[in-house]
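In our numbering, the protein residues as written are 46 to 793.
Hints are computed from structural coordinates only; laboratory data are not their basis.
Here the structure is a predicted model, which means the values were calculated and not measured.
Each residue gets a CB set at the ideal place from its N, CA and C atoms; glycine is no exception.
None of the hints are false.
FRET-style restraints, in silico, Cβ to Cβ:
#	residue 1	residue 2	range
1	287	196	24 to 30 Å
2	789	355	42 to 48 Å
3	521	116	47 to 53 Å
4	711	499	44 to 50 Å
5	98	498	41 to 47 Å
6	502	336	26 to 32 Å
7	128	68	16 to 22 Å
8	135	755	25 to 31 Å
Derived lysine to aspartate or glutamate pairs resembling EDC-like cross-links, with alpha carbons at most 16 Å apart:
#	residue 1	residue 2
9	639	612
10	505	474
11	293	283
12	346	335
13	644	608
14	357	340
15	110	123
16	110	130
17	505	608
18	486	379
19	179	229
20	357	312
21	644	612
22	179	645
23	110	81
24	346	356
25	179	653
26	505	477
27	110	124
28	485	472
29	314	356
30	644	610
31	475	370
32	314	408
33	346	321
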Amino acid sequence: MFRFIARFTLTSLAALACPAWAEVALENAQWRVSIDPQTLAIQAAPSGRETVVVSSGVTAHRVEKLDASATMARWQWDDGAYRVEARLDGMDLALTVHATRPGSLDFLHQPGVAMGNGLMLPLAEGRYVPRGDKTWQNFFAEHFAQADSTQNLSLPLWSNAHDGFTPNWLLTEPFHNQLHFRPDGDGIAIGVSHRFTSLEAYAPLTFLLHLGSDDVLAGAKRYRQWLQTTGQFETIADKLRRTPDAEKLLGATHIYVWGDGLLSPRDVKRWPTLLEVLRGNDPFARTIGDRFDADARRLIKQWPAHPTAYEKRALVAALNQALQDEARSRWMHDPADASLLAESYARVRDQAAAVFGQALQGDPSTWGAGVSLTTVERLREAGLARLWLGLGAGWEGGLWHPETVSAAVRAGYLVAPYDSYETALPEREKLDWTTAHLGKKAYEDCAIIRQDGTPQAGFKQSGHYTDPRCVRPLLEARVRAVRQAAPFNSWFLDAYGAGMVFDSYRRDATLTQAQNAAGNVANLRWLTEVLQLPTGSEDGNAVTARGYLFAHGMQTPVMGWGDPELELGTARKKPSPYNLGGWYPSDEPKMFFKQTPMKEPYRTVHFDPLYRLPLYQTVFHDALLTTHHWFFDNLKLTNVHVENELTQLLYNVPPLYHLSEGTLEARLPAMLRMDRFFQPLHRALAQQALTGFAWLSADRLLQQTTFADGTRLVANFATVSRETGGERYPARSITAIRPGGNVLQYRP
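Given these sequences and hints, build the entire structure.
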């Protein structure tokens, strides 16, 4: 059954002045694979089908010592600089390349013709790219020409749809790989290179060609199996045994709460008294007044007899900011002193109560805007029983309002601060980015060091990215100190789950990308398993998908970064209809609350149901809970709202919302309506694998997912009702068919 087109020995090589290496062919009952040992060009012929090109090969290398057996071929390149091995095992062709020196190696080139009828790509949750689609060809050319296999792809794989079968590439060594995309005829060509580093001189490049069935999920299913076989897969059930309180995530809606300052305008009962104190000679009031900006000072000086609601909000915002600055000033000179950090807010609150209390309602436990007892009580009264509440501005809101955190915990909610250790800032830079102020030692001694000896610039070129092992003691101390002051029962560590990993060449503490990923997971695992906190992070990319419970950013990812019409997090002088808004006001940032349409091509590429696939959920649905990135909650984008909600429910992933004091009542009805459908279904399915996906109509607008317990979810994205299999599905609806025949329906 096995045969070789040509097999050369050292003796025959010596007889050839310029050897022309013929292809090596491996064959079994399932398929036949031909490999050019000079270029790694590969052709595959599934049994009974025509041969297809899966890689047209790279620049030719000199071949020596070619040897082969019935199931394997091995050879060397370029005087032993590389050793290559190809092994056929059932439906898998496993390839391994060992290098003897650092450097970059092109190892795969998939021409446009190889994509067959379509390309399945794990861009966020997953995308299906039809052959000849001009929108996608332009998107690859203009917006996605290059991708890192750990950060830009959620899974280290891609697949190609042919008639009756799918060739699937899996990068089983996921680090140091770069993919390059370009239009090629009516298809998309993909080139892949790998960088061998001096930090891992003998770490091999490994990748796998899997012959999948006629199933767009075949590559994701094979990757899931590989993770399980290699001991890298953890189910939600496994995690619940280690972190029992995480059961509260099943069926939970995710909410970011804004407005974390000490006061709300409704907390002021005597405005003249407040102004009198601010204009007076009390030392604390004068200290706070000195922190006001020019606009706030002018407002205090010219306070009208009958202030407007806007003027009241402006004064309270200025007072909150001044109190915040005062609290920060007490610990930012020594961020490593976690106990000082945690105590500073309580002390400032006590002083504010003593000095301003006569002008304010109630006692400090009742104060606050979004982060307040009022918000928690309103959510509870509305009937929302399962919630994850995240403090979007960080742990400061909990330190101002520990009673609010306690009340939310008593209500049965999970309450977490946004926290971050990925970037360390210098002492006087970006003071509002409190979580990244880790102290001088972390800024200098924990920085990732590039190969040229310079530190790796941090997020948005600020500060330095850090080694997770180095910042671990600070993380542990700060989390414990904050929790002692405010009883958070959940945590959110930004960026650790995003697959953004580095090599560090620090002389006394080198770090590889693999070690960086392991360090991120270890820090997350400490929170979940030692402190028993259900913990989440950003994105949830495959290389950092263990050790924690949930991730924000897979269902709807960050998009359009740097696009001047979107300008994430900034405000344009000349407004665009697609501008996403800035980071102000702090109690209701437009970035999160301004509703806006999404521009092309992002609308089509990321939200059109014709192009979406549950690749990530096929691998991780019963392992890690994922939802939208916080930039794009359920209500953010006006022109994809229906498509977004239906896809979210089709994949059985949680909704995510932003709430503020001013938006709570307006947003509650939509949240409650979604909760009634989502909560019981997710509680039943969160620990079930997603086992199938199908287009039930030729136009791909009627879609079905299947879960391990037999549940079927059918989404009709069309504007008219559809019928299939004797069942009719309303226009723009989702239908859940549970085992036993129970049927539930929802329409956005």
